[in-house]
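If you read the protein sequences in the order shown, they are chains A and B.
First residue of the first sequence: 3, per this note's numbering; consecutive thereafter.
First residue of the second sequence: 20, per this note's numbering; consecutive thereafter.
Each hint should be verified, as a subset may be incorrect.
[Said to hold, decoys possible] Among chain A residues calculated to face chain B with C-beta under 8 Å, some are:
id	residue
1	107
2	160
3	187
4	592
Hints in this document: simulated from the structure, not taken from any laboratory.
We put the CB at the ideal spot given by N, CA and C, even for glycine.
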Amino acid sequence: MQDTTTDPAATGYTLGEPLADTRAPEGPLAERWERRKFTAKLVNPANRRARTVIVVGTGLAGGAAGATLAEQGYHVVQFCYQDSPRRAHSIAAQGGINAAKNYRNDGDSVRRLFQDTVKGGDFRSRESNVHRLAEVSTQIIDQCVAQGVPFAREYGGLLDTRSFGGVQVSRTFYARGQTGQQLLLGAYQALSRQIAAGRVEMHERTEMLDLLVVDGRARGIVARDLVTGSIDTYLADAVVLATGGYGNVFHLSTNAKNSNATAIWRAHRRGALFANPCFTQIHPTCIPRAGDHQSKLTLMSESLRNDGRIWVPLAAGDHRPPQEIPEDERDYYLERAYPAFGNLVPRDIASRAAKNVCDEGRGVGPGGQGVYLDFTDAIERLGRTAVEQKYGNLFEMYERITDESPYETPMRIYPAIHYTMGGLWVDYDLQTTVPGLFAIGEANFSDHGANRLGASALMQGLADGYFILPSTLGDYLATLPRDLTPRNELGPDHPVVREVVGEVTNRLHALLVNPGDRSPESFQKQLGEVLWEHCGMARDAEGLRRALAEIPRLREEFWSRVRVPGSGEALNQSLEKAHRVSDYLELAELMCRDALHREESCGGHFRTESQTEGGEAERDDARFQYVAAWEFTGEGEPPVLHREELEFQDVLPSRRSYA
Amino acid sequence: MNAPQTDTGSTAAAAPVGAAGEAPAPAAADGAMALTLRIWRQAGPEEPGAMTTYRISGISPDMSFLDMLDTLNEQLIAEGDEPVAFDHDCREGICGACGVVINGDAHGPQPTTTCQLHMRHFDDGDTIDVEPWRAAAFPVIRDLVVDRGSLDRIIGSGGYITAPTGSAPEAHATAVPKAAADDAFAHAECIGCGACVAACPNGAAMLFTAAKVVHLNVLPQGAPERESRVLDMVDAMDEEGFGGCTQVGACATACPKGIPFQSIADMNREYLRAVRKGGRG
Numbered sequence: 003m004q005d006t007t008t009d010p011a012a013t014g015y016t017l018g019e020p021l022a023d024t025r026a027p028e029g030p031l032a033e034r035w036e037r038r039k040f041t042a043k044l045v046n047p048a049n050r051r052a053r054t055v056i057v058v059g060t061g062l063a064g065g066a067a068g069a070t071l072a073e074q075g076y077h078v079v080q081f082c083y084q085d086s087p088r089r090a091h092s093i094a095a096q097g098g099i100n101a102a103k104n105y106r107n108d109g110d111s112v113r114r115l116f117q118d119t120v121k122g123g124d125f126r127s128r129e130s131n132v133h134r135l136a137e138v139s140t141q142i143i144d145q146c147v148a149q150g151v152p153f154a155r156e157y158g159g160l161l162d163t164r165s166f167g168g169v170q171v172s173r174t175f176y177a178r179g180q181t182g183q184q185l186l187l188g189a190y191q192a193l194s195r196q197i198a199a200g201r202v203e204m205h206e207r208t209e210m211l212d213l214l215v216v217d218g219r220a221r222g223i224v225a226r227d228l229v230t231g232s233i234d235t236y237l238a239d240a241v242v243l244a245t246g247g248y249g250n251v252f253h254l255s256t257n258a259k260n261s262n263a264t265a266i267w268r269a270h271r272r273g274a275l276f277a278n279p280c281f282t283q284i285h286p287t288c289i290p291r292a293g294d295h296q297s298k299l300t301l302m303s304e305s306l307r308n309d310g311r312i313w314v315p316l317a318a319g320d321h322r323p324p325q326e327i328p329e330d331e332r333d334y335y336l337e338r339a340y341p342a343f344g345n346l347v348p349r350d351i352a353s354r355a356a357k358n359v360c361d362e363g364r365g366v367g368p369g370g371q372g373v374y375l376d377f378t379d380a381i382e383r384l385g386r387t388a389v390e391q392k393y394g395n396l397f398e399m400y401e402r403i404t405d406e407s408p409y410e411t412p413m414r415i416y417p418a419i420h421y422t423m424g425g426l427w428v429d430y431d432l433q434t435t436v437p438g439l440f441a442i443g444e445a446n447f448s449d450h451g452a453n454r455l456g457a458s459a460l461m462q463g464l465a466d467g468y469f470i471l472p473s474t475l476g477d478y479l480a481t482l483p484r485d486l487t488p489r490n491e492l493g494p495d496h497p498v499v500r501e502v503v504g505e506v507t508n509r510l511h512a513l514l515v516n517p518g519d520r521s522p523e524s525f526q527k528q529l530g531e532v533l534w535e536h537c538g539m540a541r542d543a544e545g546l547r548r549a550l551a552e553i554p555r556l557r558e559e560f561w562s563r564v565r566v567p568g569s570g571e572a573l574n575q576s577l578e579k580a581h582r583v584s585d586y587l588e589l590a591e592l593m594c595r596d597a598l599h600r601e602e603s604c605g606g607h608f609r610t611e612s613q614t615e616g617g618e619a620e621r622d623d624a625r626f627q628y629v630a631a632w633e634f635t636g637e638g639e640p641p642v643l644h645r646e647e648l649e650f651q652d653v654l655p656s657r658r659s660y661a
Numbered sequence: 020m021n022a023p024q025t026d027t028g029s030t031a032a033a034a035p036v037g038a039a040g041e042a043p044a045p046a047a048a049d050g051a052m053a054l055t056l057r058i059w060r061q062a063g064p065e066e067p068g069a070m071t072t073y074r075i076s077g078i079s080p081d082m083s084f085l086d087m088l089d090t091l092n093e094q095l096i097a098e099g100d101e102p103v104a105f106d107h108d109c110r111e112g113i114c115g116a117c118g119v120v121i122n123g124d125a126h127g128p129q130p131t132t133t134c135q136l137h138m139r140h141f142d143d144g145d146t147i148d149v150e151p152w153r154a155a156a157f158p159v160i161r162d163l164v165v166d167r168g169s170l171d172r173i174i175g176s177g178g179y180i181t182a183p184t185g186s187a188p189e190a191h192a193t194a195v196p197k198a199a200a201d202d203a204f205a206h207a208e209c210i211g212c213g214a215c216v217a218a219c220p221n222g223a224a225m226l227f228t229a230a231k232v233v234h235l236n237v238l239p240q241g242a243p244e245r246e247s248r249v250l251d252m253v254d255a256m257d258e259e260g261f262g263g264c265t266q267v268g269a270c271a272t273a274c275p276k277g278i279p280f281q282s283i284a285d286m287n288r289e290y291l292r293a294v295r296k297g298g299r300g
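From just these sequences and the hints, can you work out the full model?
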C-alpha cells in the first residue's frame with residue numbers, strides 16, 4: 003500500500019504511529035469470535051460482585067449491557083440524563099432489526115449479511131467485526147422474543163420479516179413502525195429487573211461530564227446530578243460508554259433533542275482516539291423542514307421505500323400539485339438510474355440523488371427541498387387496508403406534523419442527518435485506546451464503515467450490549483494488575499480526581515458567569531448551518547477549509563457571548579445545553595479536518611472532487627483504505643492521525659454498484 | 020416592559036406582558052399567532068409555585084407546542100430571565116419524556132403527545148394554561164418537570180419476563196398466535212409518559228400498569244410469571260401512592276397511544292385469577 007495520505011501540514015494535522023487492532027484473532031473469519039471467547043479470561047462468579055462497572059447510557063447498547071453484566075454478577079452503576087432509562091433515543095428507531103435467520107428461505111445467511119454490511123459500508127469497516135455482528139444477529143432475535151418483544155407475526159404464529167434498503171433478501175424483523183421502542187423496552191425491562199434486585203445502581207437525570215483516568219486506566223467518571231447540580235465522582239474497575247452518536251452537532255437532525263457528544267468527546271480529550279468522525283449518515287426519508295422555528299427533524303421509516311415510489315417532476319420549476327402531473331411528466335429517478343434496486347438503494351445513494359434533483363430545481367414543497375414518496379400504486383395494488391396495517395402509524399405521524407394525508411397526497415421527504423458511523427476507536431474487544439474504557443453501540447465506530455445499512459443500528463447496539471461486551475469485558479477485569487490503586491484511595495484529594503473535578507466545576511462556572519447576550523441554542527444553530535453547508539451531503543476542500551476557519555471563530559464567540567441564566571445548583575437546562583454546545587464546537591472542527599484529509603468519496607462521505615463520470619462516489623483504496631483514528635493534542639492544536647489499515651480477505655473491495 | 024403577573028403577586032422579569040385581561044397583539048399577516056400563556060413556575064421541589072403570565076407573538080401554526088415553548092424560552096433568555104423548564108427529548112411522540120397539562124387536558128386538546136401537538140389547533144389570541152402533571156406520586160421538580168420514577172419502580176416490581184441473556188430458545192420454537200401478538204403489541208405501545216395518571220381524578224396508574232400486565236400476560240413467554248407479575252405490580256402501584264380506580268376513563272381519553280380502557284378490566288381479571296390460584300405460585 004502506498005504511503006501517501008494528504009499533506010498533513012497543509013491539512014492541519016500530524017501523522018502518528020500506525021494503529022493495529024491487537025485483539026482481533028487470526029484464523030478463518032467464521033471461527034474468530036469463538037476463538038476470542040475461548041481465549042478470554044473469565045472472572046470467577048464469586049469475584050464478580052467485587053467488580054464495579056460503570057455504564058453510561060441506557061439505550062439498546064447500554065441497557066442491554068447493564069442488564070447482562072448485572073445478570074453475570076457484576077456490580078453495575080448506570081447513568082442516563084433522561085428521567086428514566088426507558089427514554090433513550092433507541093426508542094425512536096422505527097423500521098426494524100436485521101438478522102440472518104433465513105426464515106424466508108430466500109438465500110440469506112450469516113455470510114450474506116456480513117457481505118452486505120461490508121459492501122454497504124463501502125469497504126471501510128473491519129471484516130472480523132462485521133462477521134461477528136452477522137453471527138450474533140440470530141441470537142438477538144431469540145433473546146428479544148424470549149423477553150416478550152411483540153414482533154410482527156404471520157397468521158401461523160411465526161415471525162414476519164421485510165426487506166430494507168440496500169439488500170435483496172427479507173431479513174428485517176419489525177414491530178409495526180416501532181421496532182426500536184419494543185426492543186428498547188425489552189432491554190429496559192431486563193434492566194429494571196436488575197435495578198429492583200439491587201444489582202444495578204441506576205442514576206437517572208445524571209450526566210457524565212468527564213472521565214477519570216488513573217495510572218493510564220479508566221477508573222471512573224465525573225457526573226452532574228441534573229436536579230441538584232451536584233458534581234460527583236463515581237469510581238469503578240471499568241467504564242462503558244453507550245452514549246450514542248453525535249448527529250446533533252448539525253443542530254437539525256433526527257436525534258433526540260438532548261442526545262449529545264459530551265461523554266465521547268470528553269473521553270477523547272482524555273486519550274481515547276476518535277475514529278472516522280466525518281462518516282455521518284444522512285437519512286433519505288425525513289419530513290422536510292417547515293420553517294426556521296423547527297427544532298428537530300422527524301424521520302419517516304425507510305421501510306416506506308418498500309412500497310412507496312420516489313419521484314419529482316421531470317421539468318424544473320413544475321409547481322403543479324402532484325395529482326395533476328401526468329405519469330409521463332414524472333421522473334422516478336431511483337428506478338430509472340438503479341433498475342436492480344430501484345427505490346431500495348442504500349441510504350447515501352438515495353440521499354444524494356434527492357439532493358441532486360433538488361439542486362436541479364426539481365424539488366417539491368416549500369423551498370423546493372423535497373421529493374415525493376408516493377403510495378398511490380401500493381394502495382391500488384395492496385388495498386388501503388393492507389397499506390394502513392403496514393404503515394398506518396407512520397402515515398398518522400406524517401399527517402399530524404404536516405396536516406397532509408399520505409393516503410390522498412404523496413408524502414414529501416428530504417434527507418436529514420440521522421446516524422454517525424464515526425465514534426470512539428475500539429479494538430475487537432470494544433475497548434478504546436484508554437485501557438478499561440469501552441465504547442458500544444453508536445458511540446463506537448466499529449461495524450458500519452462509511453455507511454450503515456438500514457435496520458443495522460439496532461442489531462449492532464444489541465449485539466454489543468447483550469453478547470459482545472459481556473464476553474470481552476470479563477477478560478479485561480480478569481487480567482487487571484493486582485497493584486491497581488484501590489478505590490478507597492481515589493478520594494476527593496487524589497490528584498487526578500481533584501484536577502478533573504476542578505476542571506468540570508470551572509467550565510460550568512465559566513458558562514454561568516459569562517456576561518453574554520446569546521443563547522446556547524443560537525450557537526448550536528449557527529454551527530449546524532456551517533456543518534450542513536460544508537460537511538453535509540457533499541463536501542469539497544474549499545468549503546471544508548472555510549468551515550475550519552469559521553468554527554474556531556465561532557467557538558471564541560461562544561465563550562465570550564453565551565448567556566446562561568440561572569444557577570448551577572438546580573435543574574438548569576440552559577446550562578446543560580451550553581455545555582453540550584461547547585463540546586460540539588470542538589468536535590465539529592475534528593469532523594471537518596477528517597473530511598478534508600480524506601480525499602476520496604466513500605459511503606456517506608462524498609467529496610465532490612472524487613466522483614465517477616456518473617456522479618457516484620469514487621473510493622481511493624490505494625490511499626485511504628484505512629480507519630482514521632485521531633488523537634487529541636489540545637484545543638485548537640493539530641490532532642495526530644493514526645491509521646489502522648484495513649485488510650479484506652473475504653469480500654474484495656469493488657465499486658459498489660446498485661444499478 | 021411590564022412585569023408578568025403571577026397569582027401570588029410576585030414579579031419576575033420576563034417576556035412582554037400586559038395585564039392578564041388585556042387583548043393580545045393582532046396576528047401578523049402570515050398567519051402567525053399571538054398568544055397569552057399562563058405557565059406554572061416553581062423554582063424547586065420545596066418552593067411554592069404560581070401561574071405566571073407571558074405574552075408571545077409570531078407563533079406559526081406549523082410549530083409544535085414545544086417549538087412554541089422553545090420560542091418563549093429564547094425570548095426569556097434574551098431578556099435575562101430563566102427559561103421555563105420542561106421535559107422533552109425525541110420530539111417524535113415516542114420517548115414519553117414530554118407532557119404538560121394544557122388548558123386542563125393532559126397533552127392538550129389532541130390525542131397525541133405534547134411534542135406532536137401543533138399550534139394549528141389553537142387560535143390567534145388564545146390564552147393557554149400550561150401546568151405540570153398533577154399527582155401525588157409525581158412530585159414537581161421544577162416548573163413543568165415532575166419526577167415519574169414511581170412508574171419505573173412499578174416496572175421493576177414485575178413488568179418483565181425473566182430471560183437472562185443467552186438463555187433464550189430459538190425464536191420459532193414457540194409460535195405465538197397472531198391475535199395474541201397483536202394484542203401484546205397494542206398494549207406494549209405505552210410510552211410511560213404519565214398522562215393517564217395526570218388525567219385521572221384519583222391520580223391512579225391503572226392504565227399504565229394494566230398495559231404492561233396485559234402485554235406480557237397474553238404471550239406464552241409471559242405465562243410462567245403471570246400471577247406474580249400482576250400481584251407484585253399492583254402492590255407496587257399502591258405503595259407508590261397512586262390512587263385507586265373508579266372507572267372514570269379519563270386515562271384512556273388522555274392516552275396518546277390509545278391504550279384501551281378495557282385493559283384495566285383485563286388486569287383486574289388477571290389479579291382475581293392470581294388471587295384465586297393462591298397467590299404467587
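Results for each hint:
Evaluation of the residue 107/A hint against chain B yields a violated restraint, the C-beta minimum of about 13 Å exceeding 8 Å. Taking 8 Å as the C-beta contact cut-off toward chain B, the hint placing residue 160/A at the interface holds, the least distance being around 6 Å. The closest approach between the C-beta of residue 187/A and any C-beta of chain B is roughly 7 Å, which is under the 8 Å cut-off, so the hint is satisfied. Hint status for residue 592/A: violated, given a least beta-carbon distance of 26 Å to chain B, over 8 Å.
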